[in-house]
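Novice: All chains should be modelled from the sequences, with the hints used to inform the complete structure.
Listed here are the chains, written in short residue letters.
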Amino acid sequence: MRVVIVGCGRVGAGVAERLARAGNEVTVVDVNSDAFGKLEPDFPGQAVRADGTEEDVLRRLGTEDADMFFALTEGDNRNVLAAQLASETFGVKQVVAKINDPVRAEAYTMLGIATICRTRLLIDALAQYSGLEADPGASGVRPATRHHDHSEANESEPQPVER
Amino acid sequence: MYIVVVGGGKVGYFLAKELLEAGHELVILEKNAGRARQIADELGSIVLNRDGCEGKHLAEAGANRAAIVAAVTGDDEDNLVVCQMAKHHFDVPRTIARVNNPKNESLFRHLGVDEIISPTRMALASIEQDIPVHELLHLADLKGGELQLLEAQIADDSPAVGRRATDIPLPDGCSLFVLLRGSSVQPIRAETVFEVGDKVLAISRAECEVQLRRELIGDSDSARSIAAAR
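If you're matching them up, the sequences are chains A and B in order.
Number 23 in our numbering belongs to position 23 of the first sequence; there are no gaps in the numbering.
Number 191 in our numbering belongs to position 191 of the second sequence; there are no gaps in the numbering.
None of these hints come from the bench; they were simulated from the model.
These numbers were taken from a predicted model, which means no experiment stands behind them.
Built from N, CA and C at the ideal position, the CB exists for glycine as well.
Please note that a few of the clues may not be correct.
As the list claims (entries may be wrong) - The calculated EDC-like cross-link candidates involving lysine to aspartate or glutamate, where the alpha carbons are at most 20 angstroms apart (straight line), are:
1. K31/B - E74/A
2. K103/B - D67/A
3. K103/B - D56/A
4. K31/B - D101/A
5. K38/A - E17/A
What the hints assert, rightly or not - Coverage of chain A stretches by chain B, computed from C-beta distances (three or more under 8 angstroms per stretch; other residues unrestricted):
6. 52-65
7. 80-92
8. 124-130
What the hints assert, rightly or not - Pulled a few chain B residues facing chain A out of the computed Cβ check, cut under 8 angstroms:
9. Y2
10. M85
11. H88
12. N100
13. N101
14. H110
15. S184
16. V185
Specialist: Structural data, given as structure tokens:
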């Protein structure tokens, strides 16, 4: 399987490392080459210093042939942009964006992007640890609840966020 | 019309200013506190010191009753998220995004952003507005500044209107060489007659510029400092 990972932080480096060692063809990209220090010296994949939110960069990395794409930078919005480039421009089937703001994560699962929200994961883990019931929406990667349909501009039920 | 502007940089500031002058109701979301204060000092209390990428802040700004949300920060990803949140979460009929990387334009359109602003084009347009059309423009310095490439626009008060090139008294240190008229580009010949609206490209030694200005632009402007055109 070909996997492109944008963002080589702790999560990006860790998942790149594991997937590559399991025999996958992994490319990890980060704007800061220091970030690659988190990879083992014998990392069996490719590490590229570039901006993974740029279309040209993703094309150069062969994103259109990727089976899976993870957007795992520190910025929610950068992940959103990279993930939408991967799915919309390059047609990658399995795309996951890390979105730590729960409201934005929720919004984007409804816009057709699978998301992983560290905030909800941690809250749920700690809540369960303290004896509360698990939040069914919090664990793992949340699959997209609906596919992009750009011909229909409006959501059926617009829901203003009020928190 | 109620408009939410996200991002109070130069684009956001000038956009807000123009919209206010046109009589619209608006709010600016600017996450930098210092910048937010600065805009409030100049434009009044229309600034919320908030990150417009967050849904709750858009709600606070009244995005659900906005006719337009304009995301004009310096970061494309932020502008995209603001527009998508506005459109899909708040049902805003019209979203406008500033796009800094031109490659993102088509993606943004595809993802449902209604209008794209390219800052480069906007900056150029506002620069052009700032420069009076009857000025002599410095296009480039040649030979280390000894010679200058200049563009003169022939306005209706220019002494050159209706005159042949050969009849315009110019010193040896400068030469008119290309005429831009409408969409045509032609060499300037002795018999070329200048018309209002023509643009004339000239090469001039620095010391001949004053005379060139007098003949092509007119006396009224010659008092203005040459440096001001730079």
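Novice: Next step is simple, just say for each hint if it's right about the structure.
Specialist: Checked hints:
no., hint, in the structure
1, K31/B - E74/A, "18 angstroms, holds"
2, K103/B - D67/A, "24 angstroms, violated"
3, K103/B - D56/A, "8 angstroms, holds"
4, K31/B - D101/A, "16 angstroms, holds"
5, K38/A - E17/A, "10 angstroms, holds"
6, 52-65, "holds (count 4)"
7, 80-92, "holds (count 6)"
8, 124-130, "violated (count 0)"
9, Y2, "15 angstroms, violated"
10, M85, "6 angstroms, holds"
11, H88, "5 angstroms, holds"
12, N100, "11 angstroms, violated"
13, N101, "7 angstroms, holds"
14, H110, "6 angstroms, holds"
15, S184, "37 angstroms, violated"
16, V185, "33 angstroms, violated"
In summary, the numbered hints that this structure violates are 2, 8, 9, 12, 15 and 16.
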